[in-house]
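> Sequence:
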Amino acid sequence: MKDGAARTVKGIKLGRVAQFGIVVKDAAKAMRSYSSLYGIGPWYSAPFPESEMYYRGKKVDIDIDIYLAFLGKVEMELIQVNGGDRNIYTDILEK
465 MKDGAARTVK GIKLGRVAQF GIVVKDAAKA MRSYSSLYGI GPWYSAPFPE
515 SEMYYRGKKV DIDIDIYLAF LGKVEMELIQ VNGGDRNIYT DILEK
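Under the numbering used here, the very last position in the sequence shown is 559; numbers go up by exactly one each time.
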């Protein structure tokens, strides 16, 4: 399959992957690892927009840091949870 080509999986048409995110406990350590092992970088800090967030029907406050790098045309995102209420990111870290 060529880069950018669409693919059908059980009736669902999927485009190329443009972005993926990984939830990490320590973004600085993760950035060093991905940079040294795979040559990924440079990394950029992305501001997390202030907005109302809801998780499982409840309004939640979350404190996260987001860091971005590119692998060709694909954006890689590292998400570090710093605190706040239980949310999708804390649930991922617990698994």
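Please note that a few of the clues may not be correct.
[What the hints assert, rightly or not] With beta-carbon atoms standing in for the labels, derived distance ranges: (1) V481 - I530: 17 to 27 Å; (2) K523 - S499: 29 to 39 Å; (3) G475 - S500: 39 to 49 Å; (4) S500 - E541: 13 to 23 Å; (5) G503 - D549: 35 to 45 Å; (6) P511 - G479: 31 to 41 Å.
[Claimed, not checked] PhoX-like mimics (lysine-lysine), calculated; alpha carbons at most 25 Å apart, straight line: (7) K523 - K493; (8) K493 - K537; (9) K489 - K559.
Hints were generated in silico from the structure; no laboratory data involved. Every residue, glycine too, gets a C-beta built ideally from N, C-alpha and C.
> Each hint should be assessed against the structure and marked as holding or not.
Okay, the hints, checked on the actual structure:
1. Our hint of 17 to 27 Å for V481 and I530 holds, since their Cβ atoms are close to 18 Å apart.
2. In this structure, K523 and S499 meet the distance hint of 29 to 39 Å, their C-beta atoms being roughly 37 Å apart.
3. Between G475 and S500 the beta carbon distance is about 41 Å. The supplied range of 39 to 49 Å therefore holds.
4. Taken as a hint, the range 13 to 23 Å holds for the pair S500 and E541, whose Cβ atoms sit roughly 19 Å apart.
5. The beta-carbon spacing between G503 and D549, approximately 36 Å, falls within the hinted interval of 35 to 45 Å.
6. Checked against the hint of 31 to 41 Å, the pair P511 and G479 fails, with Cβ atoms roughly 27 Å apart.
7. Between K523 and K493 the CA atoms are separated by roughly 31 Å; this puts the pair beyond 25 Å, and the hint is violated.
8. For a cut-off of 25 Å, the pair hint linking K493 to K537 stands: about 24 Å separates their Cα positions.
9. Proximity of K489 to K559 is assessed by CA-CA distance (about 12 Å); at most 25 Å being required, the pair is judged to hold.
The structure does not agree with the numbered hints 6, 7 stated previously, though it agrees with the rest.
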